[in-house]
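2 protein chains.
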Amino acid sequence: MEEKVDVAVIGAGSAGLYAYAQVKRRTERCVLIDGGELGTTCSRVGCMPSKAMIQVAEDIHRRALFEREGIEGGDGLHVNGPDVLEHVQGLRDIFVDKVLSTTTDEMGEEFINANARFLEPGLLAAGERRIRASKVIIATGTAPIVPPSWKTFGERILTTDDIFELEQLPESLAVIGLGVIGLELGQALSRLGVEVTGIDLLETIGNIDDPEIGPLAVQLIGKELPLWLGQPARIEEAGDGRLKVSAGDNSVTVEKVLVAIGRRANLAALDPEKAGIALNALGVPNYNPNTLQIDDLPVYIAGDVNLERQLLHEAADEGRIAGINAVAETPIAFRRKTPLVITFSDPNIVMVGARYAELDQAHTLIGSVALGLLGRALIMGRNRGMLRLYADKASGRLLGASLLAPHGEHLGHLLNWCIEQQLTILQMLRMPFYHPTLEEGIQAVLRDMIGRSDWHQTPYPPDLETL
Amino acid sequence: MEEKVDVAVIGAGSAGLYAYAQVKRRTERCVLIDGGELGTTCSRVGCMPSKAMIQVAEDIHRRALFEREGIEGGDGLHVNGPDVLEHVQGLRDIFVDKVLSTTTDEMGEEFINANARFLEPGLLAAGERRIRASKVIIATGTAPIVPPSWKTFGERILTTDDIFELEQLPESLAVIGLGVIGLELGQALSRLGVEVTGIDLLETIGNIDDPEIGPLAVQLIGKELPLWLGQPARIEEAGDGRLKVSAGDNSVTVEKVLVAIGRRANLAALDPEKAGIALNALGVPNYNPNTLQIDDLPVYIAGDVNLERQLLHEAADEGRIAGINAVAETPIAFRRKTPLVITFSDPNIVMVGARYAELDQAHTLIGSVALGLLGRALIMGRNRGMLRLYADKASGRLLGASLLAPHGEHLGHLLNWCIEQQLTILQMLRMPFYHPTLEEGIQAVLRDMIGRSDWHQTPYPPDLETL
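Those sequence lines, one after another, are chains E and Y. Residue 196 is where the first sequence starts when you use our numbering, and the numbers rise one by one after that. Residue 196 is where the second sequence starts when you use our numbering, and the numbers rise one by one after that.
You may find that some hints are simply not true.
[To be verified] Listed below are several chain Y residues computed to face chain E (Cβ distance under 10 Å; list not exhaustive): (1) Lys-219; (2) Gly-231; (3) Leu-233; (4) Gly-269; (5) Pro-277; (6) Val-279; (7) Gly-374; (8) Arg-571; (9) Met-575; (10) His-630; (11) His-651; (12) Asp-658; (13) Leu-659; (14) Leu-662.
Don't read these hints as lab results, they were simulated from the structure. All residues carry an ideal CB built from backbone N, CA and C; glycine is no exception.
Next up, chain E with everything else stripped away, as it sits in the complex (with noise of 0.2 Å):
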């Protein structure tokens, strides 16, 4: 027997969840429907547990400075593999627990535990259930992506899946794929004691494309793990129960290999052709990212599945949209945030509204400073990294910025909450600067900049304003 609602929502992740709170606010008549595991990808195998392994590896790391800091006995800290993995699942099931028992948990017949698909528009199979929804958000998440052949080498192929199940740290591994996920693990990896061999096809890592911040990432975090740019790898049987993974002329034998070349869209199993729902080349169906409407259909797309701003953040906005929309008279558009993207790796790897690649270059003016100087960043022995400042040259305003920084993640909150405020770099120069703080590094890029802008109109100094 069909069971009528007004809203169904296919996946129970974060933006799934979002997007559920929002329906129940305007309607009783709604389910929520994932035969996956619960928890979020969040808090299963993302930000959470990475945070986790990257904090014990930046602690056992800190140890290269103790000597020259007048601290003995750095050399007898050693890593025990097991205990590390214990801890960060620990933290994990924390922050999984966590989502559980303010969710699905409470939730009775209007949760259904079973894989969705469509069999006609707006008609859904849940496990047994039959569901006629008015209005459906699919929020389904994506996958790591692994090559078939690939697949045929078991367990020795990896991804987030599957890392943060281990028992033990492999000895060696290699990581394919060097975007945010491949290198905050591949660096935290190697720190923990790991033989790790980094590889992209890119010439890039940490998808940064600024081309001054982008090849210096590559020099700092290179002298830590080899990093193999620019050439497609390959995998085959080592003979010895181990893997051989070579790229161009390199290659090295592994125990492990981590696949880390992206995630598609879980969209398949959804049969979305009988809801009527077009699928474009890169496999999701196009939508309005202001209302995340799917053409005018009444089906909505929320959180990592549409493959844009695969961040939590924007996976929580994106479901909050698509659960208001579901159950509004008319779809709103909502306006997005300012791009934020941090790669955790040591230095951060920072971008912030627009990309370089986007830029106007003509109108564009560019400032940026190493860290080399900055008094804190030498002090705190980080002092490796540079800040990237990108303005519009008519108006002054902030655009966008690329940072390689020690704590480059709340240098990236300022700047962000700054261009969304629409500032130029003047107004910029006028907030206070504390010392010694990282952020007289930003100090330092806006006034490289106004030093080589016609900005600045008064005889003052550019950070005084009179009353």
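We have chain E already, so just place chain Y on it with the hints.
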């Protein structure tokens, strides 16, 4: 013979150097006078060496988390006191040399390396030279206060002038005065293995006046070292060459005492009365904080010496304001920056904008969140602390904040810049908060505040904005 100049700047510290640079843009008829030790308070005995010491202290302290994280051997770490001090001194020398090499080192006759004093209005004696100046800028800084009776204990009494000159860490130390400086150094030295006892006449530490943050700071930092609050300290000979320090019913025998009860303005030696400068009850002249002019005299006062805003970025602003005004037709009033005060203790204690005591409680909404369950703080193992935000009930504008948080320095900048932009709590909530970061703690406070306010007028979640 009298030398006639347009401007004489007394004091070659941060404020004086910034003032002098502004004066030089308009006239060559100027002198810079300083008979004391060069290199700025900040670089020699202030911000910089203290941060260097704190960094080492944080690094060794971090081992408390190593076992939990799966890092073994933390017990084998130990501090080599002389090496730590040499490291701190080495960094300090880099910063001092950087100041000197770009300033007084390059100056000829216009720099007078002697103490200045007024002979009459506009006439200064500096060593053998007599300077007749149309305008004078006083930027003579401050010096630590040590009661005369304590000076008799000789080298066992330390101030920030001495502590960074030590070649060995003392075995035991009492810190008298737990404002910013005493608290920072007391906690750092404790972590470096010194038996530290902290004492203050007040019931608070780090100058924080928020009634939730203050006691929590005492509780957290009090776990690391005994804090004796609310009683005056007494010092006497212990008989064994050490000193007995008492407060109320408590007493301790220590090798050294760090006196950090405040700093007095370096004014008396200038004979200010001969220039017609009257000192108020605080021992400083009355002056206009926006022009820095003293009364209606052709004399300006900039930097720590006026006992307000004793921070580098404010000293820089004040130096420049005084420098600009000393060569202006009429003094120009400049807007001053939104207050920001950071104690680099762990957790940081941060005060932004309006202090708690300055709030009109009836018209203020206060929001707060404990860091306990904040994901990233938990991952860092640093989830003890609290964020408190103050907003105007009518307008929703952020007025101020008090923070007790790791990386509070960064959160402080973010909040400070929001106040500078006159943002409301609703506007702030529309900014991106990346996951998992400490900035999400601010998001939690904002949500808490909106939940208890009538600011939210739309049917949509307040952090979504329609196009």
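Going through the earlier hints one by one, which of them does the structure break, listed in rising order? The structure conflicts with hints 1, 2, 3, 7 and 11, although it agrees with all the remaining ones.
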